[in-house]
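Chains A and B, in that order, are what the protein sequence lines are. Following my numbering, the numbering of the first sequence begins with 1 at its first residue and continues without gaps. Following my numbering, the numbering of the second sequence begins with 1 at its first residue and continues without gaps.
In short, the hints are calculated from the structure, not lab data. These numbers come from a predicted model, not from an experiment. Keep in mind that the hints are not guaranteed to be accurate.
Facing chain A, from chain B, some residues (calculated, C-beta under 7 Å) [stated by the list, open to error]:
hint : residue
1    : 89
2    : 162
3    : 205
4    : 342
5    : 345
Cβ coordinates follow ideal geometry from the N, Cα and C atoms, glycine included.
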Amino acid sequence: MNFELSDERRMLRDALERFLRDTCTPTARAAAEQTETGFSPEIWAGLAEMGVIGAVFDESVGGFAGSGFDLAVVFEALGRAGAVEPLLEVVLAGSLIAERGDADQRALLETVIAGEMHLALAHYEPAGRYDLERVATTATATESGYRIDGRKAVVVNAGAADTIVVSARTSGDVADKQGISLFLVPRNTPGLTLRDYPLAGGGRAAELKLEAVELPAAARLGCEGDAFDALERAVARASVAQCAEALGLMEAIRELTTDYLRTRKQFGQPIGKFQALQHRMADLLIEIEQARSAVINVAGHLDRERDLRERHVSAAKQLIGTVAKLVAEESIQMHGGIGMTQEYELAHFVRRLIMIDHRFGDHLHHLARFVRLKAA
Amino acid sequence: MDLSYTPEQLAFRAEVRAFLAEKLPPRLAEKGRLGKRLTKADHEEWHAILNARGWLAGNWPVEFGGAGWNAVERHIFEEETTRAHAPRIVPFGVAMLGPVLQKFGSKEQIEHFLPRILNGEHWWCQGYSEPGAGSDLASVKTTAVRDGDSYIVNGQKTWTTLGQHANWIFCLVRTSTEGKPQEGISFLLIDMETPGVTVRPIVLLDGEPEVNEVFFDDVRVPAENLVGEENKGWTYAKYLLTHERTNIAGVGFANAALENLARIAALECAGGRPLAEEPLFAAKMAELEIQLMAMATTNLRVIARAAAGQAPGAESSMLKIKGTVIRQEINALTRTAVGPYAAPFPSELLDEGANAEPVGPDYALPATRQYFNNRKLSIYGGSNEVQRAIIGKALLDL
Ligand SMILES: Cc1cc2nc3c(=O)[nH]c(=O)nc-3n(C[C@H](O)[C@H](O)[C@H](O)COP(=O)(O)OP(=O)(O)OC[C@H]3O[C@@H](n4cnc5c(N)ncnc54)[C@H](O)[C@@H]3O)c2cc1C
């Protein structure tokens, strides 16, 4: 057994943390919130330059890492800083392009790794909640390719994305795993419209309408109708990243809260001297250690057989979602009034942490899924 | 034992219901149902409607212009108004200051201020907390120094709810530094239009400017605005807090929130069937309902005792803790219920008549904001930790 990070990963983490400490400040975040994309282009460029985008891909597509532990290291650091830059969208959409793309399509990833192209995945739909197989959007064959019609829900980073990976049904019923295909859709394609809005946890997303969107046959990513397994793998990779990000957020919140318990005085002493708060802080520390172990578990099983991998995905999402709620709520409570204010740094961290449960399935969804996967 | 309401109480409930059906503007009910932002004018409109009926101050004796309801009637009124999605009555004048003036105020104060609370001329806010004085309220530092027939006030208050709408503030101020900290505090009424008062809004976790900082810079306050005796303010403040806490369980709000959750769970689909039929989700919802059923009865037991003239003691602390936790958990499950649509945060849609295209179902919009906003329930009005300390002290006899 060895739970130590390799030297390369440690170096990457340290450099990334240093960079984010300098650039990803509350002021920078507030400024980014006012922009059209909701994130900072400078930080994005910096991430590319440091090779952080390359670290989520393996050598076959021009990256240099790409394993579960690489994702975990990078995203824990992003979480610790409360960064809102859309690297998770690169993991999601990029994994699909890497796995299913032809040579031309995979070549896009070089531009992505260089920080010059943004991606998004438009898969989930308004009535579909977290069901990965539920796709009502249709892709109908035409003479030159496909025509896409449908709607996509809460597509993170859609407004900034140059290319959006869109799932659509080429055959089968609305909840069939078979019959789902993927397409690369440039954002400015006629017939594709966006209703763009900010997210509670930072960044932006959009509702997508696709009305008679015409695509050439070459826009299809991989074979027709068999994209489900790849989607599940991409979401598994994104879940590792997202759980690690949650862990980083928890660590940042833990630091803010312990500092506050040491410095805030009421009744003539630091509030951390009250045993009622000490015990609760101790409970948080225990749960955060559990969260760390859950991240290690899921990262370490990312490349294992499907059932084992997915059981770990659901276990991690269930545990992280539950601990996230506890950490966010207890930290607000222990801060008192200050914890309720948007201008204090905690606000961004708790909002982002809470919102993690609303992607790829919440703690209840994954509890039920874990039970099903175990029974299967 | 008899768990049913008396015929008189049932008749009263019917009367309240009929009144709401007739007088609650559908526009306001719709805003409440959809969790939209209420403006100052909205609150004023509703207060005026209630006042016209003599129902704005349910807790005040009739001689002061109140409805003279007992605790059970107040409870029924709260249940019905929350069920109908009426705006809640802003508590500072009616529920907090009113009772204090009635008990400790001078004849002139009673005659001057009480009618103005009712007719909306004065919008009050509460100036207790300061940056350094939260749970430890006795450590307030804002000073009031006697100068002829005035007090000169200097200092800062914070977390002043809806202070941006208020024209009057009741404050705890320090008039003496001798003896125990509780013994040098006075209760002072301050006109916020006096020179030297500034208000700065604070935006909360839900993105809304609900509270404020209030600064006092050499503010001259007529000495007749002192309530009761100098240095006795702590007694009045404590009296006010027990009033603040009598209806703190918020059973009506919890019921309305649970109904809303049930509606969402029936409409949201997970795996092709209603979320309400998803066993794990249904179990969570049932647990909350069971908790709430018991709490409603705990609440009624306390209310019945209060209606019989007994002052609530540690029970109000128990109700505050249980009531806030249940409401917060309902809010959390509601956030979970709306699924991915909990994430969008488009504030422009909270305004009435917003014509921006909606995002997701209409019930999704308020879920996240309410969840974050109601984290306050366990912090203000004496945090849940402070309430536990009160229960411990009262019941453990240590
Ligand atoms: C939304 C909102 C609206 C408010 N509106 C008003 C208003 O209109 N007017 C007004 O005057 N005030 C208002 N308040 C202030 C509120 O009453 C205080 O926030 C509250 O009393 C807690 O004080 P604090 O924020 O300073 O927290 P602190 O007292 O600093 O407490 C921090 C943490 O320490 C805990 N703690 C403190 N002492 C102890 C102890 N002895 N043992 C164990 N734990 C302890 C607390 O429970 C809390 O968890 C409002 C607050 C909020 C959040």
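Identify whether the interface hint at residue 205 of chain B stands, where standing means a beta carbon of chain A within less than 7 Å of its own. It holds, given that the least Cβ distance between residue 205 of chain B and chain A is near 5 Å, below 7 Å.
Interface hint for residue 89 of chain B, Cβ within 7 Å of any Cβ on chain A: violated (22 Å)
Hint check: 7 Å Cβ-Cβ cutoff, residue 162 of chain B to chain A: Where the cut-off is 7 Å and the nearest Cβ of chain A is about 15 Å from residue 162 of chain B, the hint is violated.
Under the criterion of a CB-CB separation shorter than 7 Å, is residue 342 of chain B in contact with chain A as hinted? For residue 342 of chain B, the interface hint holds, since the closest Cβ of chain A sits about 5 Å away, which is under 7 Å.
Residue 345 of chain B was flagged as interface toward chain A. Is the shortest Cβ-Cβ separation under 7 Å? holds (4 Å)
Checked against the numbered hints given earlier, this structure breaks hints 1 and 2; the rest are met.
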